[in-house]
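Generate the whole structure from the sequences, applying the supplied hints.
Protein chains in written order, with the working numbering: chain A, 1 to 623; chain B, 1 to 623.
Misleading hints may appear alongside valid ones.
For identical chains, the list gives no copy identity; a pair is met inside one copy or between any two copies.
[What the hints assert, rightly or not] Listed below are the simulated EDC-like cross-link pairs for lysine to aspartate or glutamate, each with C-alpha atoms no more than 16 Å apart in a straight line:
(1) LYS334 / GLU289
(2) LYS554 / ASP522
(3) LYS399 / GLU377
(4) LYS163 / ASP65
(5) LYS408 / GLU362
(6) LYS113 / GLU411
(7) LYS554 / ASP65
(8) LYS334 / GLU291
(9) LYS409 / ASP392
(10) LYS408 / ASP65
(11) LYS408 / GLU291
Honestly, the hints are just simulated from the structure, not real lab data.
Please read these numbers as outputs of a predicted model, since none were measured by experiment.
Number of protein chains: 2
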Amino acid sequence: MDQSEPRQTKSSDRRDLETMRHSAAHVMVAAVQRLFPGTKLGVGPTVEHGFYYDMEVPRPLTSDDLPVIEAEMHKILAERPEFEREEMPIETAIDYFRAHGQDYKVELLSDLKERGTTRVTSREDMDVDPGNRTSATMYRTGEFVDLCRGPHVPSAGRIGPFKLLSVSGAYWRGDEHRPMLQRIYGTAWFTREQLDHYLWQLDEAERRDHRRIGRDLGLFMFDEEVGPGLPLWLPNGTVLIEELERLAKETEERAGYVRVRTPHVAKESMYLRSGHLPYYAESMFPPMELEGVRYYLKPMNCPHHHKIYAAQQRSYRDIPLRLAEYGTCYRYEKSGELFGLMRVRSLQMNDAHIYCTLDQIEDEFLAVCRMYLGYFELFGIDQYLMRFSTHDPNQLGGKYVDQPELWKKTEEIVRRALDHGRINYTETAGEAAFYGPKIDVQVWSAIGREFTLATNQVDFAVPERFGLTYVNARGEHETPICIHRAPLGTHERMIGFLIEHYAGAFPLWLAPVQAVVLPIADRHAPYAEEVGGRLRARGFRAHVDTRRENLNHKIRDAQLQKIPYMLVVGDRELEAGTAAVRLRSGENIGTISVDDLLARLDAERGQRQHAALDTALGHSDNA
Amino acid sequence: MDQSEPRQTKSSDRRDLETMRHSAAHVMVAAVQRLFPGTKLGVGPTVEHGFYYDMEVPRPLTSDDLPVIEAEMHKILAERPEFEREEMPIETAIDYFRAHGQDYKVELLSDLKERGTTRVTSREDMDVDPGNRTSATMYRTGEFVDLCRGPHVPSAGRIGPFKLLSVSGAYWRGDEHRPMLQRIYGTAWFTREQLDHYLWQLDEAERRDHRRIGRDLGLFMFDEEVGPGLPLWLPNGTVLIEELERLAKETEERAGYVRVRTPHVAKESMYLRSGHLPYYAESMFPPMELEGVRYYLKPMNCPHHHKIYAAQQRSYRDIPLRLAEYGTCYRYEKSGELFGLMRVRSLQMNDAHIYCTLDQIEDEFLAVCRMYLGYFELFGIDQYLMRFSTHDPNQLGGKYVDQPELWKKTEEIVRRALDHGRINYTETAGEAAFYGPKIDVQVWSAIGREFTLATNQVDFAVPERFGLTYVNARGEHETPICIHRAPLGTHERMIGFLIEHYAGAFPLWLAPVQAVVLPIADRHAPYAEEVGGRLRARGFRAHVDTRRENLNHKIRDAQLQKIPYMLVVGDRELEAGTAAVRLRSGENIGTISVDDLLARLDAERGQRQHAALDTALGHSDNA
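Shown next, in the form of structure tokens:
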């Protein structure tokens, strides 16, 4: 199955896909109207991977209705109707929809007539052209007519394989004081293969849902009294955190980073200096007032690190200085926008700031990119994209700090680094941060779902605000450039991603419990403890399951817990100093001596120190 | 030198010591009056290890005056005056002091007459008996007369060896709107040996001051814009933190603890449930209001851990459950009370909560005590005291939760654990926490200074407030007992203590930089890098000093940085694959092969896994 298909679609293909999907939505509504006469139409835009339509149907729909509607859609498609575009004066359109009892369409057209738009909020897309218009565009498909800006496929015959996915309630115009309509989601693709892949991906994503697996494997929890968006990490999840931290620390240590720890709060004045206040204020937790001074929870680690840089006069011999911290930041996200580990209010970032000269950026930036590649290889992420965002010269002094030369230079340097590193990247103008060019890193999980994990930023403005300098070889003070980077993103999102990526079956080095010893009968318990003890002495996380359950029950439990190794021990194993080894996959790899088992586990755990990671870091081993 | 002398003093001896010191203060003031006629007296109580007196002297004193005053004191002592007690009507006393121009004494006597006390605040001790009095007590020593409640030694001949220590300014009655007086501090002891020991200790404490060493070794810093009491850990200090954390994690893992991570904030409602609000509110940071809900920075980790305990139904098979976290808590301390790492606002605690049955407390408590002993042995702390605080039966239902049986039982259990463990402890009634008996752990540093590092508490009240239960073997729900413990205290105070204890010369496993390689000339730099690389590959923190300074300069710098090993390499060493090894003590241990050096370093670093720690934890290796 080609998991990369969706995103390798060219943008022209993508537009065609959207047009086709929206046409499929029209056919869906036509089918609903045939099955449920009197259905009133709301709106129906396309969304990523599909479409929906909101409707007021005479009776509540259930998922059982979806196959019936699909069958009706196939009937309509068999009739191969055309999509006919028609433009008419708004008044005529209003009369038409009023005559057909389509109150919601009448409301939209009246808005269009009076306000020139159908939007009620800036984020609402009502699928009707904005602008001060006197005419409306209508699309007719057989007997079905809809107010719609189009475009559509010329004929329903061009609609590819589709599937209706779900039905749910949705307030008209997202307003809880307006009527609740029914929303049907569907998807449509050019080929059956694409549709099948997408449906498989949906199934897999549900099976791999990090919230469900997080609960089943005891990784994390939320608590109403602690607060939304504030995960509490349970023992198994804490193992994941600590293993990731160990990985990052070892990798960064070898790459010449030093570590720091900074408080979670700071005075208002520091955030005024950094510019977080007032520009970032609405993403910050509100202040605490202590002895007449306002303190804020830190939304980012950079200002604290700048303070550490500034704590002593630095010389050109001291830089590049790479300050790393797995710092916990707090950001305000609206309750409604929180989502599992993917959108939270407390974020523990794999953060570091690299202070260097302009001449050093290329090497440093490339080293950071290579660190990414090393991690990708370790995690088996074979599809990634770095989106390189540059400035817009027309917005210098406005959206962008007014340093045209520095922009040009740093962007060239970053581009060169990406090229030299043979990094897979795209470039977009006008998306840079205020203070320098940046890279957003996207990865695709094992089932082809896209995640934005991290950003890299070059910052040539903020070091000056903090008065950071170094004395160059000629004894002059210069301002360093700062690179912000976080290859492993935050624990929250990274672990959310890894849960889906591995479907909870983490590689040995990362697995919360690496092996469980299963004595067949009570009399084998001492030997089981001995085997478990040997594993623990070798640094493995090994449990002994001495519950009075039968063996199959224990094996099933261990499989559900995705424990990599199950070591069954009975009379024969006790006698011979061996264990019968099963993998969580169900594979039985036979009876082996405990010595051989330890050697095997050592080798497998050692995969973390994969040659790829060594290579990626090779450049800085002599730092 | 017997460093334990001061605290082994019996309490009757301690009272005698205070009496003698206060008498010494009278002699000191008599000397000042002789030298500086017209001196007006404020007050002069005793303090820990000494005494002071506040005076208005006709000209400002400097430390150069102290030997002169000491000499005058010796003259007075040579006269062997008696201390004569005299009681007179307050009016007579007022007249006497007014006649002698002693305005401050007149003020005190007038207060005594009008208000029955000389105190202006509850914490002020003006050295005059409280109570509604009509007469005042005066003490006369030769020509010197003071208003004083006594007691005093009968004769100045009984005053032991003394030393004046410092002179500084102090507002009359601590009020910045009243005159600034001059305060002379002094100390006095029974024997010359005691005095010498104390003066040595003072000198050493200054030399070992954690704030100075913290700055010199680049361990931590404070920043005005971050805020007072909020240390930022520099790279070398972060090594200390991470090594201590690693020690705690390994020790706790072997002792059957599991680790969790919890947010630094929680809703008000949780702290109302825990009772921190309102009872502990004034030690907490003020709230942040988000979406109409108040959030607080956590002052302790326990409520978050209780939430994790409560996340699933526990059974008797699950407990003892030992939840550990190096959690950072935030507490409000007044700016004026902050002191280096010793009193801070952010505290990263070596925290854990043990949930167990009443039957399990003894073993668990003893295991915790043994963990302390293991740490003490590792750190070479040979003097410690556990202060066991029990409840006061008369205050049940008031200061103490009204569960007389549980108090009796748990106190007995703890006492038994302490006895069985041959723990050095004292017992004090009426000092327990609201919810159970506790132990405060005091240790003495290498120079005999006392530090309170940690507390252990038994808690049989709060688990019920959080509705914590386990299902016992009979299927009934029971409430567990909780033990709060933090053997390594907080990083802040522990590292402050260790800095003084080791005077910054940390043992190899803890030293921020473990070895520095010093090439004699530039041409030896590649070999120096090779040696450094081999050390780093073995997991040692090794630097290569390639600065163009001469060797002696580099050696001196390394000694100032307290780097345990200095490896000098020149032609001979390059040739032979060796290094000339110097220790930070200055000791030269000769030229040895790099292989032998690595073996030596391995062995020395391995001292952390000392048999003592293994023994201390032996009981729980099969947990």
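Within a copy, between copies, both or neither: which one fits LYS409 and ASP392 at a CA-CA cutoff of 16 Å? For LYS409 and ASP392, only the intra-copy Cα distance (14 Å) is at most 16 Å; the inter-copy one is 74 Å.
Is it within a copy, between copies, both, or neither that the alpha carbon of LYS334 lies no farther than 16 Å from that of GLU291? between (29 Å within a copy, 8 Å between copies)
At most 16 Å between C-alpha atoms: does LYS554 with ASP65 qualify within a copy, between copies, both, or neither? neither (41 Å within a copy, 82 Å between copies)
Within, between, both or neither, where LYS163 and ASP65 count as close if Cα-Cα is 16 Å or less: Answer is within; shortest intra-copy Cα gap is 13 Å, inter-copy 96 Å.
Checking LYS399 and GLU377: alpha-carbon separation at most 16 Å within a copy, between copies, both or neither? neither (36 Å within a copy, 60 Å between copies)
LYS113 and GLU411: within-copy, between-copy, both or neither at 16 Å Cα: neither (47 Å within a copy, 82 Å between copies)
Please work out whether the CA atoms of LYS408 and ASP65 approach to 16 Å or closer within one copy, between two copies, in both situations, or in neither? Answer is neither; intra-copy 58 Å and inter-copy 68 Å both fail.
Within, between, both or neither, where LYS408 and GLU291 count as close if Cα-Cα is 16 Å or less: neither (46 Å within a copy, 43 Å between copies)
Treating 16 Å as the Cα threshold, decide for LYS334 and GLU289: within, between, both or neither. between (23 Å within a copy, 13 Å between copies)
Between the shortest in-copy and the shortest cross-copy C-alpha distance, which are at most 16 Å for LYS408 and GLU362: within, between, both, or neither? within (14 Å within a copy, 70 Å between copies)
Please work out whether the CA atoms of LYS554 and ASP522 approach to 16 Å or closer within one copy, between two copies, in both situations, or in neither? Result: close within a single copy only, 14 Å intra versus 65 Å inter.
Consistency note: the structure conflicts with the earlier hints numbered 3, 6, 7, 10, 11.
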